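There are 2 protein chains.
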Amino acid sequence: MPTIVVDVMPKAELLDPQGKAVAGALNRLGIDGFAGVRIGKRFELTVEGEVDDALLETAQRIADEILSNSVIEDVVGIEVIE
Amino acid sequence: MPTIVVDVMPKAELLDPQGKAVAGALNRLGIDGFAGVRIGKRFELTVEGEVDDALLETAQRIADEILSNSVIEDVVGIEVIE
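Protein sequences, first through last, are from chains A and B. Everything in the first sequence is counted per the working numbering, starting at 36 for the first residue and increasing by one. Everything in the second sequence is counted per the working numbering, starting at 36 for the first residue and increasing by one.
Do not take every clue at face value.
One copy or two, it doesn't matter: identical chains are merged, so the pair holds either way.
The list that follows gives simulated cross-link-like pairs (lysine to aspartate or glutamate, DMTMM-like), each with its CA atoms no further than 25 Å apart [unchecked claim]:
| hint | residue 1 | residue 2 |
| --- | --- | --- |
| 1 | K55 | D87 |
| 2 | K55 | E92 |
| 3 | K55 | E85 |
| 4 | K55 | D67 |
| 5 | K76 | E92 |
| 6 | K46 | E92 |
| 7 | K46 | E83 |
| 8 | K55 | E114 |
| 9 | K46 | D87 |
| 10 | K46 | E117 |
Derived by calculation from the structure, the hints in this document are not laboratory data. Keep in mind it's a predicted model, so treat the numbers as computed, not measured.
Isolated chain A (complex conformation) (with noise of 0.2 Å):
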């Protein structure tokens, strides 16, 4: 079946202090070469049947509507695999 996937980050200019405490332990660890880490969410929405124009502009309004909250957060991507 066919996957719609939407990929939700925190907003650039916000703090993220998850992805903080992720980059601190990296640090704490010895592991350089990182200079930040973000943590967002990805969703996958299983499509019943084929993807079209319309599923496509319902997963982009679910996306911006739904999964997404906009004050603290951007859909950076949808895409199709499979």
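Following the hints, put chain B in place on chain A, whose structure we already have.
Just chain B now, with coordinates in the frame of chain A:
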């Protein structure tokens, strides 16, 4: 600055209550066409300098050992963007 994106999803054989809740909400809102929703994490690791093979290997190791819990999650993707 280049960014390494690590995608982590709950294992297919495990329940994903968060995803189930979203799928139920879509249903109640009368949004059809989706058979299921699963919710995972998207990590963006900002890289200081260049991405080379050693750093990618480090990222793979971090993904497996720190960013995911292999008992309940799978690393489903590691890619470099920008």
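The hints, checked one at a time:
When the C-alpha separation of K55 and D87 is checked against a cutoff of 25 Å, the pair qualifies only between copies, where the shortest distance is 24 Å, while the shortest distance within a copy is 39 Å. For the identical chains of this complex, K55 and E92 are inter-copy neighbours only, at 22 Å across copies versus 34 Å inside a copy, given an alpha-carbon limit of 25 Å. In this assembly of identical chains, the alpha carbons of K55 and E85 lie at most 25 Å apart only when taken from different copies (22 Å versus 40 Å within one copy). Taking CA atoms no more than 25 Å apart as the test, K55 paired with D67 passes inside one copy only; the shortest distance there is 15 Å, against 38 Å between copies.
Within a single copy, K76 and E92 get their C-alpha atoms as close as 20 Å, and across copies as close as 23 Å, so both meet the 25 Å cut-off. Within a single copy, K46 and E92 get their C-alpha atoms as close as 23 Å, which meets the 25 Å cut-off; across copies the closest is 28 Å, which misses it. Taking the closest pair of Cα atoms, K46 and E83 come within 25 Å of each other only across two copies (21 Å); inside a single copy the shortest separation is 31 Å, beyond that limit. For a Cα distance limit of 25 Å, the shortest separation of K55 from E114 across copies, 21 Å, qualifies, whereas the shortest one inside one copy, 28 Å, does not.
Neither within a single protomer nor between protomers do K46 and D87 lie at most 25 Å apart by alpha-carbon distance, with minima of 29 Å and 28 Å respectively. Taking identical chains as interchangeable, the C-alpha atoms of K46 and E117 lie at most 25 Å apart only when they sit on different chains, with a minimum of 18 Å there against 29 Å within one chain.
The earlier numbered hint that this structure contradicts is number 9, and it is the only one.
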